[in-house]
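Novice: If you want the building blocks of each chain, they are given just below.
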Amino acid sequence: MKFNVEVRIKLKKGMLNPEAATIQRALALLGYEVENTNTMDIITFTMEEDNMKKVEEEVEDMCQRLLCNPVIHDYQINIEPED
Amino acid sequence: MRVGVIRFPGSNCDRDVYHALKLVGAEPEYIWWDLEDLSYLDAVIIPGGFSYGDYLRAGAIAAITPVMDGVRELVKEEKPVLGICNGAQILAEVGLVPGVFTVNQYPKFNCKWTKLKVKTTRTPFTSLYKRDEIIKMPIAHAEGRYYTNNIQELWDNDQVVLQFYSENPNGSIDGITGVCDKSGLVCAVMPHPERASEAILGSDDGIKFFKGIIEYINRG
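So the sequences go chain by chain: A and B.
Going from the first sequence to this note's numbering is simple: count from 1 and add 97.
With this note's numbering, the residue at position 168 of the second sequence is 153, and numbering never jumps.
It is worth saying that the hints were derived from the structure and are not from the lab.
We put the CB at the ideal spot given by N, CA and C, even for glycine.
Just to be clear, a hint being listed does not mean it is correct.
[What the hints assert, rightly or not] Ranges of calculated distance between the beta carbons of each label pair, as one might list FRET restraints:
1) A:Glu132 to B:Ile185: 47 to 53 Å
2) A:Asp138 to B:Ile119: 34 to 40 Å
3) A:Asp180 to B:Ser168: 37 to 43 Å
4) B:Asp117 to A:Met149: 56 to 62 Å
5) A:Ile140 to B:Arg(-13): 47 to 53 Å
6) B:Glu200 to A:Lys109: 57 to 63 Å
7) B:Lys61 to A:Thr119: 40 to 46 Å
8) B:Trp140 to A:Met149: 44 to 50 Å
9) B:Lys115 to A:Asn135: 43 to 49 Å
10) B:Pro(-6) to A:Met144: 22 to 28 Å
[Claimed, not checked] With a cut-off of at most 30 Å between alpha-carbon atoms, the simulated DSS-like pairs for lysine-lysine come out as follows:
11) A:Lys109 to B:Lys93
12) B:Lys61 to B:Lys93
13) B:Lys93 to A:Lys107
14) B:Lys121 to B:Lys102
Construct all of the structure, not just a fragment, from the sequences and the given hints.
Specialist: Shown next as structure tokens:
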């Protein structure tokens, strides 16, 4: 079975995000007064596996071992079977 | 005495480190990222650069290469390991030193001479300095802001190696820009000692990092 996987990686709450701060300042230069600007990385891929549970386990492992740094990141995994 | 200089695609300063090791009388050799058995080496240095294009996070991809398994084994054998700049980011990603080096507070590449305070002399690399000695070495990074969620433990265990003096150019917690593991044998520093290894470069304050390795190995 084929699954579509999406991993969203965000800095933990309270962590300084210099990129977001710079974007917010640049938006202010254009006259847009916005707050709580944030950025995140989204990684997508497809994988072949027997069932959803197995995909969940493997993607969780990928996050811990490579995709995220648990010291500074929170992540969210979305998995959908391909139609 | 054989000191390995590890190379990844995108490493730089590897030749500078090699040169500095030659200056202090070591036998440096380049090690490619796919070599796993490093047991014949007396010490290893991971130089700076932009391994794997800094994709994902600086150091994240280098951290999962076979050579880093070899580095873990060296650490078990109590041989000294030094990571400089990108090398420091890699050691943090692997978890051989605590915390993480992430995007500078002002998010641009920052290349300049800095004054630093040597906070511990118990690592082989800093054993020839005096505690709280002020030294001059350059930084050159965009992802060098040190962060750890357990700062007190770092101070309590004497794991702070270098601290910025008189300014904090990247927003590191407590101005920390060099840390070591609990043993002191694995050391990760953002400033470049090899770029301050001869007076003609503007400072030779960094050469003791390399002399210290020789002294440590000679002491056996």
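Novice: Hint by hint, note whether the structure agrees.
Specialist: Checked hints:
At roughly 51 Å, the beta-carbon separation of A:Glu132 and B:Ile185 lies within the given 47 to 53 Å, and the hint holds. Taking 34 to 40 Å as the suggested C-beta distance range, the pair A:Asp138 and B:Ile119 conforms, at roughly 39 Å. One distance hint, 37 to 43 Å for the beta-carbon pair A:Asp180 and B:Ser168, is violated here, with the actual separation near 54 Å. In this structure, B:Asp117 and A:Met149 meet the distance hint of 56 to 62 Å, their C-beta atoms being roughly 57 Å apart.
Checking the proposed 47 to 53 Å range against A:Ile140 and B:Arg(-13) shows it is violated: the Cβ atoms sit about 40 Å from each other. One distance hint, 57 to 63 Å for the beta-carbon pair B:Glu200 and A:Lys109, is violated here, with the actual separation near 41 Å. Between B:Lys61 and A:Thr119 the CB atoms are about 42 Å apart, so this pair conforms to the stated range of 40 to 46 Å. The supplied range of 44 to 50 Å is met by B:Trp140 and A:Met149, whose beta-carbon atoms lie about 46 Å from each other.
Distance hint check for B:Lys115 and A:Asn135: the Cβ-Cβ separation is about 45 Å, which falls inside the suggested range of 43 to 49 Å. Range check, B:Pro(-6) to A:Met144: Cβ separation about 26 Å, and the 22 to 28 Å hint holds. This hinted pair checks out: A:Lys109 and B:Lys93 have alpha carbons roughly 21 Å apart, not beyond 30 Å. At most 30 Å may separate the alpha-carbon atoms for a hinted pair to count; B:Lys61 and B:Lys93 exceed this at roughly 37 Å.
Only pairs whose Cα atoms come within 30 Å are accepted, and B:Lys93 paired with A:Lys107 is accepted, the gap being roughly 20 Å. For the hint pairing B:Lys121 with B:Lys102, the CA-to-CA distance comes to about 9 Å; that is within 30 Å, so the pair holds.
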